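**Q** Letter by letter, the chains look like this.
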Amino acid sequence: MAEFTFDGSAITFRQGDSIAIALLRAGIHPTGGGCICLEGDCPNCLATVDGVSYVRTCQTMALAGTAVFSHPQEDAAPPLPAEAPGRVSSSTLFCDVVVIGQGESGRAEADAARKAGRAVLAFDARKGEEVIGLYGGPTVAVRTPLGMVTVHAKEVVVATGASQEQPVGPGSHLAGIYTSRAAAMLTEAGIDLGRVVSVSDRPIRFEGSKRVAAVIVANTGGEERWEADTVVLDLGLHPRNSLARMGHGLNVRVVGDAAIADELPTSPTDGIVCPCSNVSVADLVSVWDRGFQEMELLKRATLAGTGTCQGSVCLPHLRAFVRDRGGSAPEPFTARPLARQVTMAEASASYHLPPLRRTALHDEHIRLGARMDRFGGWWRPWRYGDVALEYRAVRQAVSIGDVGTLGKFIVAGPDATGFLERLYPCQVGDLKIGRSRYALMLDERGYVVEDGLICRNGPDRYLLTFTSAGATFAEMWMRDWAESWRLDVRVLDQTMALGAINLTGPLARELLLRAGVTRGPSFMGHTKAEVAGVPCHMFRLSFTGEMSFELHHPADRSVELWRALLTLGEDFGIYPHGLDALFALRLEKGHIIIGMDTDFDSTPRRLDMEWAVRMDKPAFIGREALRRVDALPLDKQLVGLESDGPCPIEGAVLWDGARMMGQVTSSRFSETLGKSVMLGWVKLNDGQLPDTVECEDRQLRRVPVPFYDPEGARARA
Amino acid sequence: MPAPEPLKGRRVAASAAALDDAHWPPGALVLRLAPDEVLVVGDGPLDVDDSHAIIEDDSTFSSLEFSIVDARSVLASLCDWEPPTAIPSLSQGLIAALPVKVWFEQDRILVIVPTPYAHELEERLR
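Those protein sequences? They're chains Z and V, same order as listed. Numbered continuously in the numbering used here, the first sequence closes out at residue 717. Numbered continuously in the numbering used here, the second sequence closes out at residue 126.
Wrong hints could be hidden among the right ones.
Listed next, the in silico BS3-like pairs over lysine-lysine satisfying Cα-Cα at most 27 Å (straight line) [as the list claims (entries may be wrong)]:
hint, chain 1, residue 1, chain 2, residue 2
1, Z, Lys115, Z, Lys127
2, Z, Lys154, V, Lys101
3, Z, Lys115, Z, Lys154
4, Z, Lys675, Z, Lys636
5, Z, Lys617, Z, Lys636
6, Z, Lys528, V, Lys8
By construction, these hints were calculated from the structure, which means they are not laboratory data. Since we're looking at a predicted model, the values are computed, not measured.
Construct the entire structure; sequences and hints are all you get.
**A** Shown next, in the form of structure tokens:
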């Protein structure tokens with residue numbers, strides 16, 4: 001005979017036994033006591049099976065070698081599995097009809113639908129196909145022995161039958177009590193039940209120590225005591241309709257016993273009502289007397305109905321309890337997924353983490369020893385090693401950085417200029433072909449939501465750049481507004497088609513010369529050129545504060561261009577820079593990063609960037625909001641701060657005595673300036689910005705930005 | 001599972017009417033990504049009657065080909081949408097939470113993914 005183990009002891013079983021039946025044959029109650037149904041309705045056969053807890057052993061076939069452990073007694077939770085669970089497969093299916101339950105009515109429904117030529121999927125909990133939830137669609141989530149299945153159906157038929165009522169009363173926790181269907185299954189399995197007393201009226205109490213020894217029932221004018229080894233109960237049926245209730249408003253039909261009217265029992269007076277959460281009648285009375293006098297409130301106050309069986313056992317008794325006190329039978333409480341327990345592996349079977357993008361230079365960064373980090377939905381190099389080397393290469397020689405993550409769009413069409421004039425708060429129409437302009441993007445409330453460059457390369461053709469994290473939003477924003485305004489424009493997203501390398505540093509021009517570019521664009525200009533044989537669109541700008549050329553090129557040529565620049569610049573001391581160095585460099589120039597230095601309510605005035613807004617334009621998104629809020633006194637502003645000591649952490653609170661003044665948004669120690677420099681939000685005092693604020697027990701001075709090269713001579717060189 | 005291969009082509013953004021009436025190179029794979037956008041894979045002249053059309057060489061995507069038999073299991077296990085019944089046709093949606101375009105033909109499908117996500121597709125199909 002094959003064996004599995006239960007709490008370390010060998011249990012023999014017969015072919016076809018469930019774990020519960022095998023245990024009962026061995027004289028073991030899986031949980032120590034309580035009425036057993038063997039139909040998956042009650043929590044009285046739960047155990048930990050091969051590391052998975054809360055398994056209904058009556059629905060789980062006994063297999064050789066399986067390790068079964070009883071759950072801890074009292075209220076302790078079973079232990080978590082020692083090993084991480086394996087991956088669970090998932091699949092999505094489509095059909096006309098899903099039939100849940102394969103009893104008599106379920107089989108009839110499935111047969112009829114098939115005969116009508118409809119595609120049918122039928123699930124049978126007795127085969128381990130447990131429906132765990134109904135969702136919009138209708139969509140049916142099923143846990144099966146082969147993995148998780150999601151079915152999109154046109155119709156769902158619930159044929160889940162009815163459960164037999166469980167007893168509530170003194171002694172109902174004893175072993176040796178079965179529903180009549182369970183007793184029939186045990187008899188069929190050849191298990192001797194000993195002296196059996198069958199009861200069809202609700203017993204007054206059960207007697208015994210651990211195991212039932214007698215059942216007390218009412219008779220005419222008194223009580224009657226029956227001694228028994230086994231008490232078999234046939235107390236009535238209650239529809240298994242939790243899935244039907246879950247499918248409210250969906251195309252769900254309920255058939256067979258699942259659709260019968262629920263005849264409630266008499267209200268319980270003593271004993272455990274909810275064995276899952278160990279809620280007694282006394283608990284219900286207690287919370288009722290404190291005002292929790294509705295089904296949903298009783299459930300929340302006691303947790304009755306929230307356990308493993310999701311109300312299969314307790315719901316009729318809870319409703320009877322409320323009916324007898326409230327005057328009418330209440331509706332059942334809301335049924336929600338999950339109807340059955342699932343493991344974390346099962347719950348996450350069809351879930352995938354949000355993906356992160358790699359630039360075309362990803363492997364180059366790894367090869368150069370970069371520590372990669374997540375930023376704006378991309379993997380980006382944070383540092384290649386010594387951040388000071390990266391910083392110095394930019395300030396003193398030449399460096400390259402991967403900015404292929406920037407949003408890159410072409411906008412063209414007869415209405416392109418008018419469209420951008422309304423999209424941006426700055427002037428667009430006066431931009432000459434071959435020139436670029438930094439631009440903020442505002443929402444209707446006048447808050448800054450994005451920034452980037454507007455580059456004109458034709459009478460009605462523009463290239464736009466956006467932040468790495470903001471490109472997807474920017475595309476949606478542009479397309480929505482173009483459609484709303486009914487403007488004739490074309491938009492092409494080139495973000496992932498183009499790579500971009502930022503060549504920056506005082507020797508950048510010399511390096512370009514070596515790469516074959518004899519004449520690059522002037523500051524804020526752009527032009528097309530071949531760089532080391534790679535066709536590029538060159539943009540002259542500066543985020544680092546040094547002379548910079550942003551080289552946009554086909555992404556499949558990125559590696560070729562990157563390597564060529566590193567080779568050509570070797571004797572210049574070229575060294576690539578990552579985000580860590582870039583953030584320090586741009587901070588010295590006082591350049592903001594959207595989402596890091598800006599808040600959800602950052603207007604251009606609060607950012608001290610009113611120079612980027614032309615209120616004399618007739619219309620742009622956010623104009624009316626700015627007109628109103630600009631009439632109000634300024635309340636806070638993003639300012640430059642410096643201190644001689646070490647820099648505070650980003651997010652550190654700024655104080656003026658006991659008054660909280662704001663917080664630091666960006667902070668670095670500047671090697672070039674020999675002091676800490678910061679950007680931070682500061683409140684105004686009586687319309688004045690304070691000259692100093694305190695932070696982390698030291699004083700910070702408010703200073704104008706940029707901190708570095710305020711005239712911009714190096715960037716424009 | 002093979003690795004996704006770069007899919008070089010041209011992308012055209014133009015008025016919907018111009019794209020409706022455009023002439024594409026014979027034998028080219030022409031994917032209408034949106035009413036105003038087309039991806040053309042294949043050499044040859046493009047005839048799009050829109051003076052403001054944006055036509056750019058494109059290396060945004062990589063692709064992976066499956067036999068229709070393999071495709072069924074891939075789609076069933078990683079997609080939450082119903083494959084089209086009309087062939088050939090283009091579907092756009094998520095496979096394993098990745099934004100993809102799927103070109104369905106009689107005996108094969110082409111899963112087209114932006115190259116920055118290609119490594120994720122490879123991992124998630126494994």
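**Q** Work down the list of hints and note, for each, if the structure agrees.
**A** Do the hints match the structure? See the list:
1. For the hint pairing Lys115 of chain Z with Lys127 of chain Z, the CA-to-CA distance comes to about 24 Å; that is within 27 Å, so the pair holds.
2. Between Lys154 of chain Z and Lys101 of chain V, the direct Cα distance comes to roughly 26 Å. Compliance with the 27 Å bound is thereby established for this hinted pair.
3. Between Lys115 of chain Z and Lys154 of chain Z the CA atoms are separated by roughly 17 Å; this keeps the pair inside 27 Å, and the hint holds.
4. Using a Cα cut-off of 27 Å, the hinted pair Lys675 of chain Z and Lys636 of chain Z holds, with the two alpha carbons roughly 25 Å apart.
5. A hinted pair counts as satisfied when its Cα atoms are at most 27 Å apart, and Lys617 of chain Z with Lys636 of chain Z qualifies at roughly 26 Å.
6. Pair hint Lys528 of chain Z plus Lys8 of chain V holds up; C-alpha atoms about 21 Å apart against a cutoff of 27 Å.
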